[in-house]
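A.B. asks: Since chain E is already given, all that's left is putting chain R on it; use the hints.
Order-wise, the sequence lines are chains E and R.
Note that the working numbering has the first sequence beginning at 1, numbered continuously upward.
Note that the working numbering has the second sequence beginning at 1, numbered continuously upward.
Note that these hints are calculated values from the structure, not bench results.
Mixed in with the good hints, there may be bad ones.
Listed next, the in silico DSBU-like pairs over lysine-lysine satisfying Cα-Cα at most 35 Å (straight line) [claimed, not checked]:
(1) R:K2 <-> E:K62
(2) E:K44 <-> R:K67
(3) E:K83 <-> R:K56
(4) E:K62 <-> R:K42
(5) R:K2 <-> E:K11
(6) R:K42 <-> E:K44
(7) R:K70 <-> E:K44
(8) E:K11 <-> R:K70
(9) R:K70 <-> E:K83
(10) R:K42 <-> E:K11
(11) E:K78 <-> R:K42
(12) E:K15 <-> R:K42
(13) E:K44 <-> R:K2
(14) R:K42 <-> E:K71
(15) E:K11 <-> E:K62
(16) E:K62 <-> E:K83
(17) R:K2 <-> E:K78
(18) E:K15 <-> R:K2
Beyond 12 Å from chain E on every Cβ pair, some chain R residues (computed) [claimed, not checked]:
(19) Q6
(20) E15
(21) N22
(22) K42
(23) E45
(24) S84
(25) R96
(26) T97
(27) Q100
(28) T105
(29) I112
FRET-style restraints, in silico, Cβ to Cβ [what the hints assert, rightly or not]:
(30) R:S12 <-> E:L70: 27 to 35 Å
(31) E:I38 <-> R:L11: 17 to 25 Å
(32) R:P113 <-> E:P81: 27 to 35 Å
(33) E:S27 <-> R:R96: 42 to 50 Å
(34) E:K15 <-> R:N55: 44 to 52 Å
(35) R:G9 <-> E:D74: 30 to 38 Å
C-beta: ideal position from N, C-alpha, C; glycine also.
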Amino acid sequence: EAGVAQSPRYKIIEKRQSVAFWCNPISGHATLYWYQQILGQGPKLLIQFQNNGVVDDSQLPKDRFSAERLKGVDSTLKIQPAKLEDSAVYLCASSLAVGGSPLHFGNGTRLTVT
Amino acid sequence: QKEVEQDPGPLSVPEGAIVSLNCTYSNSAFQYFMWYRQYSRKGPELLMYTYSSGNKEDGRFTAQVDKSSKYISLFIRDSQPSDSATYLCAMPSIGRTGNQFYFGTGTSLTVIP
Numbered sequence: 001e002a003g004v005a006q007s008p009r010y011k012i013i014e015k016r017q018s019v020a021f022w023c024n025p026i027s028g029h030a031t032l033y034w035y036q037q038i039l040g041q042g043p044k045l046l047i048q049f050q051n052n053g054v055v056d057d058s059q060l061p062k063d064r065f066s067a068e069r070l071k072g073v074d075s076t077l078k079i080q081p082a083k084l085e086d087s088a089v090y091l092c093a094s095s096l097a098v099g100g101s102p103l104h105f106g107n108g109t110r111l112t113v114t
Numbered sequence: 001q002k003e004v005e006q007d008p009g010p011l012s013v014p015e016g017a018i019v020s021l022n023c024t025y026s027n028s029a030f031q032y033f034m035w036y037r038q039y040s041r042k043g044p045e046l047l048m049y050t051y052s053s054g055n056k057e058d059g060r061f062t063a064q065v066d067k068s069s070k071y072i073s074l075f076i077r078d079s080q081p082s083d084s085a086t087y088l089c090a091m092p093s094i095g096r097t098g099n100q101f102y103f104g105t106g107t108s109l110t111v112i113p
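Just chain E, same shape as in the assembly:
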């Protein structure tokens, strides 16, 4: 079974620039999550999709972050404009839409904003 694919693995940008991350979940996983992970902390949910609909985006800074999941498969997360405090690892995860199903994570995109 292929895992969750993310790209790019690393990105360095200057503040106020824009950046986009891409995620391809495990085939058949209806639920897709984007998390932000700062060093030494657990993942923080940014947005959760069920198929192509948004379930929870309450912690997404909507003035600068946006995400979409077209056709209920791939997803992109965008930051525009980036701030220094956005430096973090952005993790994509997916799971089956069945109660208690675990998350499966990609390897993340490490973003550095200078």
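C.D. replies: Here is chain R on its own, set in the frame of chain E:
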């Protein structure tokens, strides 16, 4: 009070030691419990997945859940340098439109050869 509490460590042990990693939680409705292992510059990898109370063993790893105390543990026997990683506990709140996951902050473990 946070939903899930985890001692961040860091924890440093000699090779061959028994390691105990722990989390406490506040929501008695949690039914599923997961442990993830995260190596440096990698995403979290599902290590153990348990339902309700009791023990689950997989090789050198044992996951233990005590719902009455709202306490979960991960034991690593005969620890190896390759076990050096950050360990995250996680538990989902079940919803009709997908699960909402609550994570501990992670415990950093170093196994010294």
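A.B. asks: Under the criterion that the straight-line Cα-Cα distance not exceed 35 Å, is the pair K83 of chain E, K56 of chain R satisfied?
C.D. replies: 44 Å, violated
A.B. asks: Over 12 Å from every CB of chain E: does K42 of chain R meet that, or does the non-interface label fail?
C.D. replies: 5 Å, violated
A.B. asks: Range hint 30 to 38 Å: satisfied by the CB atoms of G9 of chain R and D74 of chain E?
C.D. replies: Holds, at about 36 Å.
A.B. asks: Test the statement that E15 of chain R is away from the interface with chain E: the closest C-beta pair must be farther apart than 12 Å.
C.D. replies: Given that every Cβ of chain E is farther than 12 Å from that of E15 of chain R, nearest at about 25 Å, it holds.
A.B. asks: When you take the CB atoms of S12 of chain R and L70 of chain E, is the distance between them in 27 to 35 Å?
C.D. replies: 46 Å, violated
A.B. asks: Is the straight-line distance between the alpha-carbon of K44 of chain E and that of K2 of chain R 35 Å or less?
C.D. replies: 13 Å, holds
A.B. asks: Assess, step by step, whether the Cα of K15 of chain E is no farther than 35 Å from the Cα of K2 of chain R, and give holds or violated.
C.D. replies: 32 Å, holds
A.B. asks: For E45 of chain R, which was marked as not at the interface, is the minimum beta-carbon distance to chain E over 12 Å?
C.D. replies: 7 Å, violated
A.B. asks: Assuming the hint says 42 to 50 Å, is it satisfied by the Cβ distance from S27 of chain E to R96 of chain R or not?
C.D. replies: 23 Å, violated
A.B. asks: Far enough from chain E: is every CB of that chain over 12 Å from the CB of Q6 of chain R?
C.D. replies: Violated, because the least Cβ-Cβ distance between Q6 of chain R and chain E comes to about 8 Å, which does not exceed 12 Å.
A.B. asks: Quickly compare the C-alpha distance for K2 of chain R and K62 of chain E to 35 Å and report which way the hint goes.
C.D. replies: Holds, because 24 Å separates the two Cα atoms, which is no more than 35 Å.
A.B. asks: Does K42 of chain R sit within 35 Å of K62 of chain E, going by the straight-line distance between their CA atoms?
C.D. replies: 27 Å, holds
Violation of the numbered hints given earlier is confined to hints 3, 8, 9, 19, 22, 23, 25, 26, 27, 28, 30, 32 and 33; the remaining hints are satisfied by the structure.
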